[in-house]
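So you can see what is in the structure, the chains are spelled out below.
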Amino acid sequence: MTDIKLKSFEDLKQKIKQESLRKEKEKHTVLTVSAGTCGQARGSLKVVEALERTIKDKKLEDRVIVKVTGCHGFCEAEPNIIIHPNNLFYQNVQPKDAEDIIQQTVINDTVIDRLLYKEHDTGELKSTGPEIGFYKKQMRNVLGDNEYIEPLNIDDYFAVGGYSALVKTLQEMSPEEVIDEVKRSGLRGRGGAGFLTGNKWAFSRKAKGDKKYIICNADEGDPGAYMDRSLMEGNPHRVLEGMMIGAYAIGADEGYIYIRDEYPVALKHINVAIQEAEAHGLLGENILGSGFNFKVRISRGAGAFVCGEETAMIASIEGGVGIPRQRPPFPAVKGLWKKPTNINNVETWGNVPLIINRGADWYSKIGTNGSKGTKIFSLVGKINNTGLVEVPMGITLREVIFDIGGGIPEGKDFKAVQTGGPSGGCLPKEKLDLPIDYESLTQAGSIMGSGGMIVMDENTCMVDVAKYFLNFLRDESCGKCISCREGTQRMWEIVNKISGGRGKMADLDLLEELAEAVKDASLCGLGQTAANPVLSTLRYFRDEYISHIRDKKCPAGVCKELITYSVIPENCTGCLACKKVCPSDAVSGELKEVHIINKEKCIKCGACFEACNFDAIKVE
Amino acid sequence: MIKMFINNLEVQAEEGWTIRDACEFYGLEIPTLCYNPGLSNFGGCRLCLVEVGHAPNTRLVSSCTYPCEEGLNVHTDTKRAIKARKMMIELMLSVAPGSKVIQDLASKFNVTQMRFDVRNEECILCGLCVRMCAEQMDGKAIGFQNRGYKRKISTPFDAKSKVCRECGGCMYICPACQARCQGPNAEDPVCNACLQLEPTCVDVYDEATCWMYDVGRCGTCVRPSEEESTEQEAGSK
Amino acid sequence: MLHDQTEFEDIILKHPQEKRSLIPILQDFQSKYNYLPPVALNMVSQALDVPLIDIISVASFYNAFSLEPKGEHQITVCMGTACHVRGAPKILEEFERNLKIQTGHTREDGKYSLDSVACLGCCAIGPVVVVDGEYHAQTSIRNAGKIVKMLEKKEKIND
Numbered sequence: 003m004t005d006i007k008l009k010s011f012e013d014l015k016q017k018i019k020q021e022s023l024r025k026e027k028e029k030h031t032v033l034t035v036s037a038g039t040c041g042q043a044r045g046s047l048k049v050v051e052a053l054e055r056t057i058k059d060k061k062l063e064d065r066v067i068v069k070v071t072g073c074h075g076f077c078e079a080e081p082n083i084i085i086h087p088n089n090l091f092y093q094n095v096q097p098k099d100a101e102d103i104i105q106q107t108v109i110n111d112t113v114i115d116r117l118l119y120k121e122h123d124t125g126e127l128k129s130t131g132p133e134i135g136f137y138k139k140q141m142r143n144v145l146g147d148n149e150y151i152e153p154l155n156i157d158d159y160f161a162v163g164g165y166s167a168l169v170k171t172l173q174e175m176s177p178e179e180v181i182d183e184v185k186r187s188g189l190r191g192r193g194g195a196g197f198l199t200g201n202k203w204a205f206s207r208k209a210k211g212d213k214k215y216i217i218c219n220a221d222e223g224d225p226g227a228y229m230d231r232s233l234m235e236g237n238p239h240r241v242l243e244g245m246m247i248g249a250y251a252i253g254a255d256e257g258y259i260y261i262r263d264e265y266p267v268a269l270k271h272i273n274v275a276i277q278e279a280e281a282h283g284l285l286g287e288n289i290l291g292s293g294f295n296f297k298v299r300i301s302r303g304a305g306a307f308v309c310g311e312e313t314a315m316i317a318s319i320e321g322g323v324g325i326p327r328q329r330p331p332f333p334a335v336k337g338l339w340k341k342p343t344n345i346n347n348v349e350t351w352g353n354v355p356l357i358i359n360r361g362a363d364w365y366s367k368i369g370t371n372g373s374k375g376t377k378i379f380s381l382v383g384k385i386n387n388t389g390l391v392e393v394p395m396g397i398t399l400r401e402v403i404f405d406i407g408g409g410i411p412e413g414k415d416f417k418a419v420q421t422g423g424p425s426g427g428c429l430p431k432e433k434l435d436l437p438i439d440y441e442s443l444t445q446a447g448s449i450m451g452s453g454g455m456i457v458m459d460e461n462t463c464m465v466d467v468a469k470y471f472l473n474f475l476r477d478e479s480c481g482k483c484i485s486c487r488e489g490t491q492r493m494w495e496i497v498n499k500i501s502g503g504r505g506k507m508a509d510l511d512l513l514e515e516l517a518e519a520v521k522d523a524s525l526c527g528l529g530q531t532a533a534n535p536v537l538s539t540l541r542y543f544r545d546e547y548i549s550h551i552r553d554k555k556c557p558a559g560v561c562k563e564l565i566t567y568s569v570i571p572e573n574c575t576g577c578l579a580c581k582k583v584c585p586s587d588a589v590s591g592e593l594k595e596v597h598i599i600n601k602e603k604c605i606k607c608g609a610c611f612e613a614c615n616f617d618a619i620k621v622e
Numbered sequence: 030m031i032k033m034f035i036n037n038l039e040v041q042a043e044e045g046w047t048i049r050d051a052c053e054f055y056g057l058e059i060p061t062l063c064y065n066p067g068l069s070n071f072g073g074c075r076l077c078l079v080e081v082g083h084a085p086n087t088r089l090v091s092s093c094t095y096p097c098e099e100g101l102n103v104h105t106d107t108k109r110a111i112k113a114r115k116m117m118i119e120l121m122l123s124v125a126p127g128s129k130v131i132q133d134l135a136s137k138f139n140v141t142q143m144r145f146d147v148r149n150e151e152c153i154l155c156g157l158c159v160r161m162c163a164e165q166m167d168g169k170a171i172g173f174q175n176r177g178y179k180r181k182i183s184t185p186f187d188a189k190s191k192v193c194r195e196c197g198g199c200m201y202i203c204p205a206c207q208a209r210c211q212g213p214n215a216e217d218p219v220c221n222a223c224l225q226l227e228p229t230c231v232d233v234y235d236e237a238t239c240w241m242y243d244v245g246r247c248g249t250c251v252r253p254s255e256e257e258s259t260e261q262e263a264g265s266k
Numbered sequence: 002m003l004h005d006q007t008e009f010e011d012i013i014l015k016h017p018q019e020k021r022s023l024i025p026i027l028q029d030f031q032s033k034y035n036y037l038p039p040v041a042l043n044m045v046s047q048a049l050d051v052p053l054i055d056i057i058s059v060a061s062f063y064n065a066f067s068l069e070p071k072g073e074h075q076i077t078v079c080m081g082t083a084c085h086v087r088g089a090p091k092i093l094e095e096f097e098r099n100l101k102i103q104t105g106h107t108r109e110d111g112k113y114s115l116d117s118v119a120c121l122g123c124c125a126i127g128p129v130v131v132v133d134g135e136y137h138a139q140t141s142i143r144n145a146g147k148i149v150k151m152l153e154k155k156e157k158i159n160d
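Protein chains in written order, with the numbering used here: chain A, 3 to 622; chain B, 30 to 266; chain C, 2 to 160.
Everything labelled a hint here was simulated from the structure, so no lab data went into it.
Hints should not be assumed to be uniformly reliable.
What the hints assert, rightly or not - The calculated lysine-lysine pairs, modelled on DSS-like cross-linking and capped at a C-alpha distance of 30 Å, are: (1) 582(A) to 101(C); (2) 20(C) to 340(A); (3) 433(A) to 521(A); (4) 606(A) to 150(C); (5) 554(A) to 620(A).
Said to hold, decoys possible - Quick look at which bits of chain C chain B covers, simulated, 3 or more residues with Cβ under 8 Å: (6) 59-72; (7) 148-154.
Idealized CB from N, CA, C, for every residue including glycine.
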C-alpha cells in the first residue's frame, strides 16, 4: 500500500492544491445526487443506480460521472440532482428519469422543464439552485460544501480547501492566538445555550492539568432537529478539522465524539473519516511534524435525550447512567475522568475552520451585535419547503418561514413556530418579525436551541403541543430531582386533563406555579427549561386552554375526547372509501348513498378523514 | 479556609465543605430529606435549596452538594427558595402522604394543600436505601432502575437478591416507611396537626431576616395563640 | 432462551475490561441477540468488576437496551415533533390496532415488536416508520395497514 501519510505542512499544502486542481479541471459532466439518510429514504440510491446503469449502457463513462454526496438541504425536493458545469438543479427525480437526463441534458445539453423547481407562489421555473426561493436568502457557509463532497472520500474535502485551516493553525498561530481569534469572532455555542465559545475554550486552557479532553456533542436529541446529522453525514472532516484546531488551542490530546445511537449513517461516515485522517497523518502523534498529538474516539449514545447535557454525557462516556452532576466543578476544570474537558456542539466545531481561514473580522461582520455568524435550522412541520436552511443571524422568522420556506401548504394559516426543542417555546403570528438571535428568542419566551424550527398551522392544537413536550420530558428526565421527575409528570397530568375536557380554571394557576418551581429547583438544563413549552403556550395561546376548559372544545380539532367526526352531506359522493377503512364499523351507507358516521362507535382514528378524496369528512 | 457570605454574614468554611455543612456549623437550619451524615450526598429531594449569586443573577442550588467557594454569596431563606421548597413538599405529599417525616415537613413549612392526584404509599426515590445498602452495609443489593416517571428502586430483575443479607438497613433509613401519627385529619393527604412555622418577615422583606426564628427581632414575627391557630387551619382548608 | 456462553465471553473480551466499556459491550449484546440475556449481564458484572445492580441501572436507563427479547420484526414509529404535527400518533394507533399490541411491547408469539422513538432526525420526510431497519417516508394511516399486511404475508411464506 502506498504511503499516503502527510508528514509536513508542505505535504498537506501540496495535497490541497493537487485536489483543488483536480476538481477545477473536471472535464466530466457531474451529476451530484443528494443522498443523506432522508434522501435515501426517498429513493436517492435507486436514482443513482438508474443513472449509473444508463451511463454504462450508453458507454458514456468518460463523459459523465455520478457523485453521491450528503444532504443538499432541500429535503422537500429530494431526490435532487445538481448538474455541473451549469449548476442545473433537478428536483424530485425518479429512477425512470435517468434515461431522459442522460439523453437530453448530458448528451443534447437541453433542460428538462418538468424536473425544474417550480415556485409555489409564482409558478416560475428556476433552473439553478441559487435562484430558487429556498436557497436565495441562505448563507450556506457551513453546509454549502456538502454538494461537493463524497463523504467517504477525504480527497473531496482537500479539494474544497479542507484542512487548510489546520495548517494555518499549527504553522502560524499559537494556542492563545487561536483562542483570541475565536473570541473575537463572537462565535457562540450552537448546541442551544449560546455560550461564547472563545471564552469557554479559555477556561479549559487555563485549567490546571496535563491531560485534557475535548468532546464533540453529536447527541442531537431535540425532536425535529437534524442539522448535526447532515453535517456529520455529508462533511465529517469539517467537524474533525474544527476539533483538531480546538484541541490544539486548549491543550488537549484526546477527543471524543458522542454520537447518538439513532444515526447509523453519520456514525459510519465519521468512523471512516477518522480512519482516513489517521492514514493521512492528520490524527495521531506529531501531526505534520508540529509536535501536536491528537486522537479521536467515538462514544455511542444509547437512546437518552438527557445525555445531551454536558455532565450527563460525561457520565455516559465513563460507562454509567446519564445523570447530570453538580456544577461547580464545571467540566472545563473537572470533566471526563475528572480532567479538564471542553464540550462543543457539532455545528460549533464546524464553524471553527471557517473562522481561522477567513478571520474573526470577516466572521463577525455576519449576524447581529450579540449573535455572530450563520445558524443552521431544520425547517419542518407544516411548511412547503421542508429542509435544512443556513441563515445569517438577525434574519426574521417571517423571512425564513415565508421567503425561504415558501409558506404553509394547502393555503392554511400560520399559527405558531416552535424553536429550541423541548427546552424552547412556541411563538405566534405577532412574533413573526422577530430577528433570529439568542437574546430576542429568549426574551420572547423561547430559546435558539440547537436549531429545530417546527412550523404549525391552524390545525395544530397548542394544548396538544404542550402535552406532547411534557410527555417527552417526563420520559427523558433522568429522574434524580423530584422537581423535574415528579414535576414534569404532574404538569403532563394537568395538561392531559385539560386536553380531555376535564380541566378547571384553577388548573392554569397550579400549572404556572408548578412550572416556576420546576424551573427554579432542578439541577440541570432539562429540568430548568422543562416548563418552557407550557409557559410559552400559556403566554400566547391562553385562549385555547380556556376553550378546552370552559367550552370543552378543541378549536384546532385535535384533542380526541373533544372532537367528533362527521360527514358533510353536500360533498359526499357515496364512494365507500371511508367505510372500507373504518376499523370500528362506524360508517353506514351504501354505494352512491350519503354516508353517516355513528358517533358512539367512532374511535376517532382519523382513517376516514385521510381516505376521503372529496373533503366530505368534518372534524370539529 | 474559604471566605464566603451566608445571609450577609461573612463566614469561614473548611476546604471540602458543602454549603449545608457550613450552615450546620453556624447553626443555620436547612431542611433536608435525602441527606444523611453517614452517606454520600445525593441532592435529589431538592429540599435543601438555597439561593446563591448576586442579584439579578441568582439561582437555587441544593446546598448538600454545592461546594463552598471563595466569595460565594448564599442566602438560605429567600422567598424564592421557600416557595420552591414548599412545592417540593407538596409533590412529596402527593406520592407518600403516609410518611410522618413528610407530614412534619408540611406542618413546619405551612404546606396546607396538596393539589395533585394522590398516589399512595409510593417511593419518593430519595435514594437513602440505595446508599445505605451500598455504602454502609456493603450489600449493593438494590439500586435505581429506569428513568423519568418510570424510575424505581429494586433488585436485579425484581427477583430475590443473591447478595441481600436482610439486614433491614433500607427499611430503617427510609423516610417514607415511617408511619404517620393518627392525629386529627388522619385520612387527609395533608395532616398539618403539628408545628406550623412560616416567618412572617418573608412577606415583608422577601427574606427570612432572623435565623433564630423564635426571637422575632424585626417585629413582624407573630405566633398565633391556640384558638387562632385552629381557626386558621379551618379557614385555610 | 438458551445461548452459547462462549459467545458471550467472546463479545466481552473484544473490549478493554474496564467500566468505560460497559455501554459498548451492552450495545454489542443488544445488536446480536436483540436483547440483553440475564446470564450475559452476570458475566459482564464479573468481567468488569461492577456490581450487577449497577449493570441493571445502566441497562434499564437507556432506550437502546431491552431486558426482554424483541420480536422477529421490529417496527419503530417516529414521534418527533415534526412527525407528531404531521399525524404520527394516529399512525402509531393504527399499528397498535393492526398488530394488537401496545407500544413498547412484543407480541406474545414473538413475531412483532412495536416501539416509538423520540426522533430519528428525518423530519422532512415525516411521518417516518422504520420496519426492520428500513425507513419508510411520509407514512399514512393506510400505509401503516399495508405495512402490517406485507409483513404478515412474509410470515405466511416463511411458515
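Hint check results:
1. With a C-alpha separation of about 19 Å, the suggested pairing of residue 582(A) with residue 101(C) holds against the 30 Å cut-off.
2. Distance restraint check for residue 20(C) and residue 340(A): the Cα-Cα separation of roughly 15 Å lies within the 30 Å cut-off, and the hinted pair is therefore satisfied.
3. Distance hint between residue 433(A) and residue 521(A) is fulfilled; the C-alpha atoms sit about 24 Å from each other, no more than 30 Å.
4. At most 30 Å may separate the alpha-carbon atoms for a hinted pair to count; residue 606(A) and residue 150(C) meet this at roughly 22 Å.
5. Between residue 554(A) and residue 620(A) the alpha-carbon distance is near 18 Å, which keeps this suggested pair within the 30 Å criterion.
6. Coverage of the stretch 59-72 of chain C by chain B holds [criterion: at least 3 residues with CB-CB distance below 8 Å; count 3].
7. Counting residues of the stretch 148-154 of chain C whose CB falls under 8 Å from any CB of chain B gives 0; the rule of at least 3 is not met.
In terms of the numbered hints stated before, the structure departs from hint 7 and from no other.
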